[in-house]
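Residues per chain, in single letters:
There are 6 protein chains.
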Amino acid sequence: MQEKIKKAKVLLEVLPYIREFYGKTFVIKYGGSAMINPELKEMVAQDLVLLKLVGINVVVVHGGGKHISDVLDKFGFESEFRDGLRVTGDDEIGVVEMVLSGKANKDIVTLINKHGGNAVGISGKDGPFLYASAYRDSKGYDYGHVGTIDSVDTAILQNLEKGSFIPVISPIAGGNDGKTYNVNADIVAGKIAEAIGAEKLIFLTDVQGIFRDFENKKDLISSISKDESIKLMKDGIISGGMLPKVNSIIGSIDAGVKKVHIINGTLEHSLLLEVFTTGGIGTEFHI
Amino acid sequence: MQEKIKKAKVLLEVLPYIREFYGKTFVIKYGGSAMINPELKEMVAQDLVLLKLVGINVVVVHGGGKHISDVLDKFGFESEFRDGLRVTGDDEIGVVEMVLSGKANKDIVTLINKHGGNAVGISGKDGPFLYASAYRDSKGYDYGHVGTIDSVDTAILQNLEKGSFIPVISPIAGGNDGKTYNVNADIVAGKIAEAIGAEKLIFLTDVQGIFRDFENKKDLISSISKDESIKLMKDGIISGGMLPKVNSIIGSIDAGVKKVHIINGTLEHSLLLEVFTTGGIGTEFHI
Amino acid sequence: MQEKIKKAKVLLEVLPYIREFYGKTFVIKYGGSAMINPELKEMVAQDLVLLKLVGINVVVVHGGGKHISDVLDKFGFESEFRDGLRVTGDDEIGVVEMVLSGKANKDIVTLINKHGGNAVGISGKDGPFLYASAYRDSKGYDYGHVGTIDSVDTAILQNLEKGSFIPVISPIAGGNDGKTYNVNADIVAGKIAEAIGAEKLIFLTDVQGIFRDFENKKDLISSISKDESIKLMKDGIISGGMLPKVNSIIGSIDAGVKKVHIINGTLEHSLLLEVFTTGGIGTEFHI
Amino acid sequence: MQEKIKKAKVLLEVLPYIREFYGKTFVIKYGGSAMINPELKEMVAQDLVLLKLVGINVVVVHGGGKHISDVLDKFGFESEFRDGLRVTGDDEIGVVEMVLSGKANKDIVTLINKHGGNAVGISGKDGPFLYASAYRDSKGYDYGHVGTIDSVDTAILQNLEKGSFIPVISPIAGGNDGKTYNVNADIVAGKIAEAIGAEKLIFLTDVQGIFRDFENKKDLISSISKDESIKLMKDGIISGGMLPKVNSIIGSIDAGVKKVHIINGTLEHSLLLEVFTTGGIGTEFHI
Amino acid sequence: MQEKIKKAKVLLEVLPYIREFYGKTFVIKYGGSAMINPELKEMVAQDLVLLKLVGINVVVVHGGGKHISDVLDKFGFESEFRDGLRVTGDDEIGVVEMVLSGKANKDIVTLINKHGGNAVGISGKDGPFLYASAYRDSKGYDYGHVGTIDSVDTAILQNLEKGSFIPVISPIAGGNDGKTYNVNADIVAGKIAEAIGAEKLIFLTDVQGIFRDFENKKDLISSISKDESIKLMKDGIISGGMLPKVNSIIGSIDAGVKKVHIINGTLEHSLLLEVFTTGGIGTEFHI
Amino acid sequence: MQEKIKKAKVLLEVLPYIREFYGKTFVIKYGGSAMINPELKEMVAQDLVLLKLVGINVVVVHGGGKHISDVLDKFGFESEFRDGLRVTGDDEIGVVEMVLSGKANKDIVTLINKHGGNAVGISGKDGPFLYASAYRDSKGYDYGHVGTIDSVDTAILQNLEKGSFIPVISPIAGGNDGKTYNVNADIVAGKIAEAIGAEKLIFLTDVQGIFRDFENKKDLISSISKDESIKLMKDGIISGGMLPKVNSIIGSIDAGVKKVHIINGTLEHSLLLEVFTTGGIGTEFHI
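Here the protein sequences line up with chains A, B, C, D, E and F, keeping their order.
Taking the working numbering, the leading residue of the first sequence gets 1, the next gets one more, and so forth.
Taking the working numbering, the leading residue of the second sequence gets 1, the next gets one more, and so forth.
Taking the working numbering, the leading residue of the third sequence gets 1, the next gets one more, and so forth.
Taking the working numbering, the leading residue of the fourth sequence gets 1, the next gets one more, and so forth.
Taking the working numbering, the leading residue of the fifth sequence gets 1, the next gets one more, and so forth.
Taking the working numbering, the leading residue of the sixth sequence gets 1, the next gets one more, and so forth.
No lab work stands behind these hints: they were computed from the structure.
Be careful, since some hints might not be right.
As the list claims (entries may be wrong) - Within a straight-line C-alpha distance of at most 27 Å, the following computed DSS-like cross-link-like pairs (lysine-lysine) qualify:
#	chain 1	residue 1	chain 2	residue 2
1	C	K74	C	K41
2	F	K24	F	K9
3	E	K162	B	K162
4	E	K9	F	K114
5	C	K24	D	K162
6	B	K245	B	K217
7	F	K226	F	K258
8	B	K9	A	K24
9	A	K9	B	K114
10	A	K6	B	K9
11	B	K24	A	K114
12	F	K24	E	K9
13	A	K217	A	K259
14	E	K52	F	K24
15	F	K245	F	K259
16	A	K114	B	K9
17	C	K9	D	K114
18	B	K114	A	K24
What the hints assert, rightly or not - Partial list, derived from the structure: chain E residues whose beta carbon lies under 7 Å from chain F:
#	residue
19	K4
20	A8
21	L11
22	L12
23	I18
24	R19
25	Q46
26	L50
27	L53
28	V54
29	E268
30	H269
31	L272
32	T277
Unchecked claim - Some residues of chain C that are not near chain B, with every Cβ distance over 12 Å (derived):
#	residue
33	K6
34	K9
35	L12
36	S33
37	E39
38	K66
39	R82
40	D83
Note that the Cβ used here is the ideal one computed from N, Cα and C, for glycine as well.
Throw the hints in and build the complete structure from the sequences for me.
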């Protein structure tokens, strides 16, 4: 019985958080190890269903993980990478879309629904709700069907929210040129969070967050303001691969997203831990 | 961190229950020690708020506890009891109503709202939603302003539910004769549960439930069907003071209430334990 | 038959008023003799029901009348008054709340519903909708649990209006400090009228209104603008106990209440007379 | 002041009736002298607006009065009457429709709106909501464009009710044969009352009602059941021109209309007198 | 089969237009030959029904055509015209209203409904929705019951739109002086289009539109901006009877109407041709 | 101009059909050549958008066409066919799902949206809305992941309809066993049509319909009742591969689908031709 009472108390500890986030929307970028490890996958699905049931509108944006490379291999494509982006040819984009929207997407939908959720998997082409155009880097290099988001039409997301469904979004979008574009899932999640004025944008990653002592992975920063993070970038404490990510997070905050979180998706139930415990487990960015 | 993860897992254990009861209505009869002990009072309030936040419509019906006698004393009334019922005179009913609707009721409302709920305290006169007439026992004895429920108009309850408020109900009702009646709170809870077709009717009591071996308080019955309980009454295993209660429970089940629970309100967080754990902690009656 | 026709003509005389106020909200401060005299009580209840039935949303705020002193006496409290305010101790406030919310409030609800209305009695704790803090006079004197309104959350009022209920409000509010406060009913009525942008705020008092010749109670002012009333205060024509009341009325008009009325509640059907006859019976303040 | 208070009391006398009929629908057949005498016309308009404002949905069906003959004369048509019905030729129906829908109808609309109502004048062709075919008497005689109602589509009436408009209906309907039909307004009113399940169907006529002693116009029957009225017809007490009217009334009651009234429209405010006074002024038929 | 396929392709050509105008409102001034010629009348009715079915909210405003003079003749009135306006006396206005609202209006309603539409014929008195006062020309000449529109209350139009009805409007309005006014139908159409912020205001006329070479009816202008049309007036290319019309069109555009069209109603299906074909058939005015 | 007028007339020919089907739902099984030929694909997309815009709710169910075999080949799977069904192994089903939901589905969505529609592509896993179990033939042979539909939850379809989206459905469903099933698209279309009580179920096939003289493809049957088609099967006129199809059609009619059509998808705009022309182009089954 004492065991049971202890459990009840745990439930009640989350009361203030449930109250705070009731009816709010969280956009969750789902990727990395949490999308590969079977146990973690089940846990993420459970976490999402719980968040939805306690009144939080969750919107999931996923990446493609390792599936894309596997299938491109089967088809005999040799991928060229440039600055971490796969240069995507006219023939490859069809395969990339097929894997993202037909495999990665439906796997997540299946798992969420297995745990009692009501997920609906769509890509940016459905609705349509994401409009993209060709990405060019600063040197003007053409990455083929790698896209950048031009605009977001939130009609389908609002429609699914009214029906209490969980949208699971594959980062594929059509362009006005009639072409299909593969867009970086982090960017898609950010643009959606901005378009719907999300309460939280949460990145499920393979890192723990931002450290004051990055080299030694010591002194994790739990919560940081936009201004402080700009200062840390100037001071070189946030640097390297984190720079574009933090810049993009600052952009989302400027565009009206209340809080942006980077959390460690390799931890069990990292989503619940970040949302429902004091201090959370990763780094939270705010105004 | 392991501590935090354990807590997340506790949260997830309740997922199937939250799903099952989402949007359903529980009528909770609140009385006994759980209404006297300050710690228990806080816990009940927390439990009610949590149930509401995870999507369960809770309707609270309370008794008067010891307050009534205290105040009647101050006013110099000497209460006559008969078969456990206070014979209530024309002068006393005003005091009884005042204590129930102005003190007991508002105390509960205050506590629920302290924990972030949105309780609204009403009596059967408000709306009006409970219609009563004078109670007569089998020998025709008149108990003054002790009443029996003639009908329930659920309009105000539906209205408060639409606004996401928690109705807290004082067991006072007006009669067509223009008189005020004090009705047994168990009966009020049962009639309301029947009128709105509640999923659950839960009695927060000072006993643990129904025992197969009543004398030794051994072999608590976790779940029992209506037919079995009739048999236990015939066999004398359910007897004494439990007889009218179980008869009334059977009436509620016949009138469409899905499940009726007797639970031990002196246990911490007994409501959560009964609703969210396997087997629960008290006795559940079903068809 | 001529008698009947004359009556029909009376009905038709009110047509322009019904049309003018259809769908508007009147906040009515109910107190004084009209809350004591049994015949007047019945008449006020009838008037309120009629106003509601012809499409006016009425919100009633009541005082405590003589009940409070009576019950405090029974409990053996000796009340200290200061500047007309009862200094309310920690023990007394419970009794004050009990009488206001459990007796005065329910008496009014009962009477309104007796005449076919659908009243619902609540205090500022229900919802919760009134937030108070301790009142301090200009010299900083502490009146214990006498409160002042900090904010009004109109959600429960809007909810009850949707359900066509008449809210009857007891002037009790909770504070952020967890304490219970007794607030002057005139102030509660004013704050509510301001918060919902009422068409009219009507004070049922024991005086006839504002006189140009106050001493001789001659030359009742039927209608007066805010600016004129400021002038009358400067000129000393409005003076004494009327000063704070008129100042508060001016505050309500500045905060968006269209018209504020002081009427004589000791007159039969004073509410109907003020609302439905040319010139009315009391004093009306406007911009 | 006493005068004013007396008026307030008159208002309150109608409270029980307002409560009883709130949200119900009355179909009012408007014709006879009440449609000719200018003072009566104004009074009927006032009565209708008052009924609407106190929450009764009124639907007005009017006849054509003397206008039709006047205009047909101007056009040089000589009307043939047969059994009280104008045999209406192909050329005459256009004039009849024009007068009914363009003059009689708009006159009533204008008067109602002058008194603050929101009348909308339509004929059975609008919507369309009345479907008619050619009337044949028992001997098969063809009356040209005199029609009989085949069906009623209540969509436009429901739509206008939602918008709080008062429908004023000209008794013209189109047929499936593409022709225009003039239907007896009493029949139109009856069919509409049946189709919408009206609470009351009221005929504003030039007679006082049904008398037990018809010849001497003595012993007006205030209220009579369907069965009694059948008996009175058998006994010859109801006879002559009243027979088809009472038969049609019985038909409406059988089809679900709660009460049917015959009242004397030549009395001032006869509508208010019948609806809002005990006993009323005419004859009421009920089940 | 090829014939059928060709037809399908025609359907598809209108796809972009249907998409563009879905849910938008067109106010159509219906008059001239298209209201006299029986074949054209049928075609206009068909066109209106089709526009409504593909999701365009059509509002029809009609003139009186030759009916008015015919009936005034029958009544023996001799009409005096001044600047093209019929000076309308106290006796004549009743006849004018009767013909417009009872004949012209109902003829159009009948035709639309014959083709499966759901037209409802009203005048500005219904609702009421048009408020007029006496028209005075620049020299102050009084035209009797010729009116000018003071204000438009769109409630009844919105109500009919919600019910998917097609409003057919007779250009008659009441004044605050209690008089009835006959207003030029072009002006009524313009005022309504402005009040509801119509997408298009279309005049079905007997001319083809605006020509650059007006004398020789050559060089029809398909589309012209407000500024260009002001220039053409200055240059004398738009002149004579077209001047007031174009001035009024410019007023409508300034008041928020997106586009105003003058089209040739003597062409078969001119409405569909203008709305659903590239370039249209008349002249379109835009910002 | 004459050309334009002819086109307008074509538009009007479809008026009666648009009226008849307004607000009704058509389930369209899309497969065969119409899903392969690029011109036909564009035309089908245009047809679907037009049907939607004129008020018909279209639901598209597609097959996989030749894509599946192509991709399975790339992956090195050798497909075993049995009775026309691909026996689908544990490894193959993932590929089949990926192609159906990620390629075939999104291709159709892209095309519909290119023509201005608002398609949303989902599979039976989304929602989830289709529940399947393993298919067994009459001899109990196991086809692996070939499934049969157990139930349909129409919530997501209703939700998308409310948002005016066109659902495009990939015939993949999850089972209670946690497995993924590939279900014959004809069966999926039939089950959905039955579950939502569709007005029409239309099969876009490569045949023209049912012939009385099947061998010579002569005497196409335009319309046939359920009873006649049973007779034709008995008489051997409907035989061979058509038998299961017609049996399934009869099942759909018995389950409440109003009409089932087999049409020739290789014809240009076959959908519009069947829906909007007299007689249509294929065979229509009805009760």
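Hints, one by one, checked against the model:
Distance hint between C/K74 and C/K41 is fulfilled; the C-alpha atoms sit about 25 Å from each other, no more than 27 Å. For the hint linking F/K24 to F/K9, the alpha-carbon distance of about 24 Å falls within 27 Å, and the restraint holds. At roughly 26 Å between alpha-carbon atoms, E/K162 and B/K162 fall within 27 Å of each other, so this suggested pair holds. Between the alpha carbons of E/K9 and F/K114 the distance comes to roughly 17 Å, so the proposed pair stays at or under 27 Å and holds.
Taking the CA atoms of C/K24 and D/K162, the gap is near 19 Å; set against the 27 Å cutoff, the hint holds. With a CA separation close to 18 Å, the supplied pair B/K245 and B/K217 stays within the 27 Å bound. A threshold of 27 Å between alpha carbons decides the hint, and for F/K226 with F/K258 the separation of about 11 Å falls inside it, so the pair holds. The straight-line distance between the Cα atoms of B/K9 and A/K24 is roughly 23 Å, inside the 27 Å bound, and the hint therefore holds.
Only pairs whose Cα atoms come within 27 Å are accepted, and A/K9 paired with B/K114 is accepted, the gap being roughly 17 Å. A threshold of 27 Å between alpha carbons decides the hint, and for A/K6 with B/K9 the separation of about 13 Å falls inside it, so the pair holds. The straight-line distance between the Cα atoms of B/K24 and A/K114 is roughly 22 Å, inside the 27 Å bound, and the hint therefore holds. For the hint linking F/K24 to E/K9, the alpha-carbon distance of about 23 Å falls within 27 Å, and the restraint holds.
Taking the CA atoms of A/K217 and A/K259, the gap is about 23 Å. The hint holds against a cut of 27 Å. The suggested pairing of E/K52 with F/K24 holds, with an alpha-carbon distance near 17 Å, which does not exceed 27 Å. Annotation: proposed proximity of F/K245 to F/K259 holds, straight-line Cα distance about 14 Å (limit 27 Å). Restraint check: the Cα-Cα separation between A/K114 and B/K9 comes to about 17 Å, which is no more than 27 Å; the hinted pair holds.
Distance hint between C/K9 and D/K114 is fulfilled; the C-alpha atoms sit about 17 Å from each other, no more than 27 Å. The suggested pairing of B/K114 with A/K24 holds, with an alpha-carbon distance near 22 Å, which does not exceed 27 Å. Look at E/K4: its Cβ gets to within about 5 Å of chain F, closer than 7 Å, so that hint holds up. For E/A8, the interface hint holds, since its Cβ comes within 7 Å of a Cβ in chain F; the closest pair sits about 4 Å apart.
Against a cut-off of 7 Å between C-beta atoms, the interface hint on E/L11 holds, since the closest Cβ of chain F lies about 6 Å away. Nearest Cβ of chain F to the Cβ of E/L12: about 5 Å, under the 7 Å cut. The hint holds. A distance limit of 7 Å between C-beta atoms decides the matter here; for E/I18 the minimum to chain F is near 5 Å, and the interface restraint holds. Of the supplied interface hints, the one on E/R19 holds, with its beta-carbon coming within about 5 Å of a beta-carbon of chain F, less than 7 Å.
Evaluation of the E/Q46 hint against chain F yields a held restraint, the C-beta minimum of about 5 Å falling below 7 Å. The interface hint given for E/L50 holds, since its Cβ lies 6 Å from the closest Cβ of chain F, which is under the 7 Å cut-off. The criterion of a C-beta within 7 Å of any C-beta in chain F is met by E/L53, whose closest approach is roughly 5 Å, and the hint holds. With its C-beta approaching chain F no nearer than about 5 Å, E/V54 sits inside the 7 Å limit, and its interface hint holds.
A hinted interface residue such as E/E268 counts as satisfied when its beta carbon comes closer than 7 Å to some beta carbon of chain F; here the least separation is about 5 Å, so the hint holds. Against a cut-off of 7 Å between C-beta atoms, the interface hint on E/H269 holds, since the closest Cβ of chain F lies about 4 Å away. Hint status for E/L272 relative to chain F: holds, with the closest Cβ pair at about 4 Å, below 7 Å. Among the interface hints, the one on E/T277 holds; its C-beta lies about 5 Å from the nearest C-beta in chain F, closer than the 7 Å criterion.
With a cut of 12 Å on Cβ distances, C/K6 stays outside the contact zone with chain B, its closest approach being about 32 Å. The non-interface label for C/K9 is consistent with chain B: the shortest C-beta to C-beta separation is roughly 34 Å, beyond 12 Å. With a least CB separation of 32 Å from chain B, C/L12 remains clear of the 12 Å interface cut-off, as annotated. Every Cβ of chain B is farther than 12 Å from the Cβ of C/S33; the closest lies at roughly 21 Å, confirming the non-interface assignment.
Every Cβ of chain B is farther than 12 Å from the Cβ of C/E39; the closest lies at roughly 16 Å, confirming the non-interface assignment. Look at C/K66: its CB is around 14 Å from the nearest CB on chain B, clear of 12 Å, so calling it non-interface holds up. Taking the minimum C-beta to C-beta distance to chain B, about 25 Å, the non-interface status of C/R82 holds against the 12 Å cut. The beta carbon of C/D83 sits about 27 Å from the closest Cβ of chain B, which is more than 12 Å, so the claim that it is off the interface holds.
Every hint from the earlier list agrees with this structure, and none is contradicted.
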